[in-house]
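Following the hints, put chain B in place on chain A, whose structure we already have.
Heads up: the protein sequence lines correspond to chains A and B, in order. Take the first sequence: its letters are residues 1 to 369, numbered as in our numbering. Take the second sequence: its letters are residues 1 to 369, numbered as in our numbering.
Since the hints were made in silico from the structure, they are not lab data. These numbers were taken from a predicted model, which means no experiment stands behind them. Each hint can be trusted.
Identical copies look the same in the list; a pair holds intra-copy or inter-copy alike.
List time: in silico SDA-like cross-link candidates among lysine to any residue, alpha-carbon distance up to 25 Å:
#, residue 1, residue 2
1, Lys90, Asp108
2, Lys324, Glu46
3, Lys226, Asp193
4, Lys328, Glu46
5, Lys93, Gly114
6, Lys224, Leu112
7, Lys328, Glu367
8, Lys226, Leu112
9, Lys101, Glu46
10, Lys93, Leu112
11, Lys243, Leu113
12, Lys19, His42
13, Lys298, Pro128
14, Lys341, Ser50
15, Lys226, Arg60
16, Lys121, Asp108
17, Lys134, Glu302
18, Lys226, Arg64
19, Lys341, Tyr329
20, Lys343, Gly315
21, Lys328, Pro39
Spelled out, the chains give:
There are 2 protein chains.
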Amino acid sequence: MKSWIYWDNYKEISQMDSKLLTPGPVPVPDFVMQAIQRPVIHHRTEQFYSFYLDLLKGLRYLFRTEKSVGTLMGSGTYGVEMMMGSLFRKNEKVAFISYGKFSDRWADYGQLLGLDCFDWKIDWGKSPTIKEFKNFLDKSPELDGIVLTHSETSTAAILDLEELAWEFKQKNPRGIILVDGITSVGAMPYYHDAWGIDASITASQKALLNPAGTIVFALSELAKDKLLETQSGDFSNVYNFVKMAEKGSYPFTAPVQLLYGIKAALDHIQQRELPAIWQACHQSSRIFRKGLQELGGKVFPEKASDSLTAFYVEGKNQDEIRRKLQEKYGWILSGGQGELKGKIMRVSHMGTSTAEQMVNLLKDLGELL
Amino acid sequence: MKSWIYWDNYKEISQMDSKLLTPGPVPVPDFVMQAIQRPVIHHRTEQFYSFYLDLLKGLRYLFRTEKSVGTLMGSGTYGVEMMMGSLFRKNEKVAFISYGKFSDRWADYGQLLGLDCFDWKIDWGKSPTIKEFKNFLDKSPELDGIVLTHSETSTAAILDLEELAWEFKQKNPRGIILVDGITSVGAMPYYHDAWGIDASITASQKALLNPAGTIVFALSELAKDKLLETQSGDFSNVYNFVKMAEKGSYPFTAPVQLLYGIKAALDHIQQRELPAIWQACHQSSRIFRKGLQELGGKVFPEKASDSLTAFYVEGKNQDEIRRKLQEKYGWILSGGQGELKGKIMRVSHMGTSTAEQMVNLLKDLGELL
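The shape of chain A in the complex, shown without the other chains (with noise of 0.2 Å):
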């Protein structure tokens, strides 16, 4: 079997024996562990400037982006409202695509602001095709703006983000595209100025091989001219930490330990390449699906992504065989959100998810069954 496996370097840089498989957190590799304990810098230093504009170099090769990138606190729905928040002002139309539990949260936010919401439901399990949403977009008015769930975590579909991209920016070339990327980024292809995105984000917990606290994002110049410029002490706006962010600076005291982690992350991903990061990430959702499918298990979306499986077994209680995984072998994988509680089980194939850990998966999950 492992003739055509793309056999990546893990095991030696990371917690390989570690069996936490939630699609994030992930398992911290000591690279990232030892970076966080360099000792503490003031933020408020030509020390701290200089290492930060390193590190925002690095994310601008995450996100494929020539344009800005910042960091923030917070964890995955932190970013992504913050920057709904900062990007979209009351009343303006603005679309959504609901098909998961974090897609549906983001329409929810939405109202919440005040933001005049079109909001299109789609099936948990199930993503958009094109064709739809160019019916969406034809009953729609010019929207200011949309909001897109890469990879939807909680059902572990994904959307074809640079289809959907080109088709609405053909409609409403002034309208923001806003995206989480959260288990997207860094784990699959993704490409923020070519694909014409104008609000990325993802979240350290996830491709980042990072302990969750703190965002990453891109902004076109379309999003960047659009940011609202407020009192420089408000923490929610983004404004200020991409002002600030120009000259390696921080609106507020920077969780600098959290960044050393960041900062080790993106110089790992920079050295392997991210292709090869991509693949490795890729051949472990095949390699688990191709292997789920011979032991009579099903992948629950219809268009998988590649960071995460979320599965089942027919007439089985799911639940039941994920604690039987943790109890006997020690995988830990996640259950269903939501309408899926109990219902399916999600397994991530990001950071330390490697194909061979995959293969060990399966082997004790056929035991099982």
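Frame of chain A; chain B shown alone:
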């Protein structure tokens, strides 16, 4: 000299050799760094819930409260602003005592939130007296709340929180007292319940000896009742964090590694006991100020906080002294902010800033002057 110093045991447990003496971030002791490196666990597990409930017990000890406590992600500004946005509604009458950069910031944010702000501006370096405060309250209508900055980190001044809170509640029994305790909680006597505080907030990189990125808070029953119930996906409303904390849970992906660090600090604080830590902080400040006076230096604020000292040496270039302290001896102090830029230096008395370190710093400062 040593005979009258309350001699603490910090040498054994922390980066005693660190010369970082900024009033946040402070050096992170090894036992905190080690805790942060513990293996990643998922936040939707019994393992996390029992860990988090234990952590919350430690927070109750820290704040001296039996009420609700919780954690958020971000810097101190995130914490105070999220709390303001969660506790105060548009057009509510809220008072502010602005006596430095941070207390000014909360008043500005009050404007941004659309509060009916009663902003009492005091010269930087001064603190409000009880008599003046009574006059201020007499001239104000009945208030829905007040935001008080216990220790104003920019000027190193302190206000008499216990007395001000008492006076405020005499006039406004239903008004919410929100306290920025960022350089106070854990560094000096602070009693959330006994003083009748409704919302207390502090940040990780101060007396909690942790990397920046985590906020901790305590809420009275009055404050808890006032939190507006919103959609579960709203990151900026503290309600969700409080509600879910009751069962040890977290509304979003929890920053598990950061929380490991906070728990380690809280364990340490409980073991060492708060009065001993408050006393160590007090001693560090008194030894520094006594020595400073002997060298001809002056403490800047009229009523100085125990957690840091803002000072200057007349007729000298303060930034030049600071630069030389770092270049020649490695000491890292902060300068002034805003209108105090270039006019003062600031030194921390929190965490690893021991009495012994102050003696060493004074020796080197004496050489320079």
